[in-house]
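Chains A and B are the protein sequences, given in the same order.
Sequential numbering from 18 applies to the first sequence in the numbering used here.
Sequential numbering from 1072 applies to the second sequence in the numbering used here.
No lab work stands behind these hints, which were simulated from the structure alone.
The model shown is predicted, which means the values in this text are computed figures rather than measured ones.
Heads up, none of these hints are tricks.
List of simulated lysine-lysine pairs, BS3-like, C-alpha gap at most 30 Å:
{"hint": "1", "chain 1": "B", "residue 1": "Lys1125", "chain 2": "A", "residue 2": "Lys65"}
{"hint": "2", "chain 1": "A", "residue 1": "Lys239", "chain 2": "B", "residue 2": "Lys1086"}
{"hint": "3", "chain 1": "A", "residue 1": "Lys229", "chain 2": "B", "residue 2": "Lys1086"}
{"hint": "4", "chain 1": "B", "residue 1": "Lys1205", "chain 2": "B", "residue 2": "Lys1118"}
Pair by pair, the computed Cβ-Cβ distance ranges are:
{"hint": "5", "chain 1": "A", "residue 1": "Arg193", "chain 2": "B", "residue 2": "Asp1074", "range": "43 to 49 Å"}
{"hint": "6", "chain 1": "B", "residue 1": "Lys1125", "chain 2": "A", "residue 2": "Lys145", "range": "56 to 62 Å"}
{"hint": "7", "chain 1": "A", "residue 1": "Pro227", "chain 2": "B", "residue 2": "Glu1091", "range": "25 to 31 Å"}
{"hint": "8", "chain 1": "A", "residue 1": "Gln152", "chain 2": "B", "residue 2": "Leu1101", "range": "34 to 40 Å"}
{"hint": "9", "chain 1": "B", "residue 1": "Gly1204", "chain 2": "A", "residue 2": "Ile178", "range": "40 to 46 Å"}
{"hint": "10", "chain 1": "A", "residue 1": "Arg193", "chain 2": "B", "residue 2": "Leu1101", "range": "40 to 46 Å"}
{"hint": "11", "chain 1": "A", "residue 1": "Gly104", "chain 2": "B", "residue 2": "Val1163", "range": "37 to 43 Å"}
{"hint": "12", "chain 1": "A", "residue 1": "Arg125", "chain 2": "B", "residue 2": "Leu1101", "range": "47 to 53 Å"}
{"hint": "13", "chain 1": "B", "residue 1": "Lys1125", "chain 2": "A", "residue 2": "Arg64", "range": "26 to 32 Å"}
{"hint": "14", "chain 1": "B", "residue 1": "Leu1180", "chain 2": "A", "residue 2": "Asp89", "range": "41 to 47 Å"}
{"hint": "15", "chain 1": "B", "residue 1": "Lys1125", "chain 2": "A", "residue 2": "Met43", "range": "43 to 49 Å"}
{"hint": "16", "chain 1": "B", "residue 1": "Glu1174", "chain 2": "A", "residue 2": "Pro227", "range": "29 to 35 Å"}
{"hint": "17", "chain 1": "A", "residue 1": "Glu231", "chain 2": "B", "residue 2": "Ser1089", "range": "26 to 32 Å"}
{"hint": "18", "chain 1": "A", "residue 1": "Leu122", "chain 2": "B", "residue 2": "Pro1181", "range": "47 to 53 Å"}
For glycine and all other residues, C-beta sits at the position ideal for the given N, C-alpha and C.
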Amino acid sequence: MANLKSIKKRIVSVKSTRQITKAMKMVAAAKLRRAQDNVVAARPYARKLREVMERLAQSQESDPHPLMVRRDTSPRALIVLVTSDRGLCGGFNANISKAAERFILEHRDDYSQVTITTIGRKGYDFLKNRQKMGQNYAGVISKPTYQAAALIAREVIQGFIAEEYDDVFLFYNAFRSVMSQDITCEQLLPISAPEMSEEAESGVQYIYEPTKGELLGELLPKSIEVAIFKAMLESVASEHGARMTAMDSASKNATEMIGKLTLIYNRARQAAITTELTEIISGAESIKG
Amino acid sequence: MADKLVMDLVTPYRKVLSVEVDEITATGALGEFGVLPGHAPFLTSLKIGELSYKQGNSVDHLALNWGYFEVEDDKVTILVETAELADEIDLVRARAALSRAEEAMKKLLPEDKEFRIHELALERALIRVQVAGKAVRR
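If we strip away everything but chain A, and leave its shape as in the complex, we get (with noise of 0.2 Å):
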């Protein structure tokens, strides 16, 4: 008998579960959408700055600005790794932390040293026995504002000027669709010059105010605060798709579950009174007898 008590038991806490993860995966489609729509408000602002950028790099000036020199000796790299701030959501911490690892183990020959600096803290938690941390930014993931990313950024460009650091990457989930995201690591310091294209190539000339130096200057440190806002973005809206993806399946998992469960104690409840029915019978048999 204590067996049948001890199933319907499981079977309760499972279905308690599944309630659980049934409201988490509702709650995350929920943000999943307004994440969404951030990363594609986000994205003219990120074009504009690109198309003017592309502009002022057209013609180069004869020394280029510190954010762009190329530093050759006993290079050191930064990795800024964006996470979540909660788990729950299958790999996507896993992943993201394991694809810095392995970037750190292929290029252990490049670089003296590397540090990691984390935004979220599963990333922190994940490698803080492993790796060496640098800054680990918690509490900002959850609601991302464009002036903690340009904190961030504001930071990182002071490292690099200060020569902490030669070369910075930054590695984050991109929002491909609800059930994949692309591990993405792009070069954030020095900064490449962008590609000109055809169109930035008319004759015409422009007039700057002040001197192009100056633009280019102050245009820099923001392209690096609009990437890493953009990282941001991109990872929240990543962060709730695989949250959703994952609860889904723990949901589904929770019904086979029970099921399995109900069959057991279905079976077992049988057996029990089976038990039962020949045990009255060969008594009532033995009075008789």
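Let chain A serve as the given structure and place chain B on it in line with the hints.
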């Protein structure tokens, strides 16, 4: 030569405006400037300031916070961190920010690091109040 300018105003969060206008006035790094249709290609950075554009007889105002302004072929692209339409501005909040910044600046010396932060906050608040005032009058 077209007789209208196409103006796109975008921030990292959204596309704020995409309209046809007759004239634009903005605050550039080197001071206020105006743009009419047929302007030469032009690129400048914007300071914290006011942007106004004219459509027919009506003039609309916006408070901008740092960005870029580009004109090419009567197409105007404005990239800014924040843009607030005159009637979107919360005047009470802007006034509060103004007095807060003023208070903070009184306690600090111009050499302090925070002084600049408050000075910028003051500028932003001033522009907001100024732009909001224009919306009320209209």
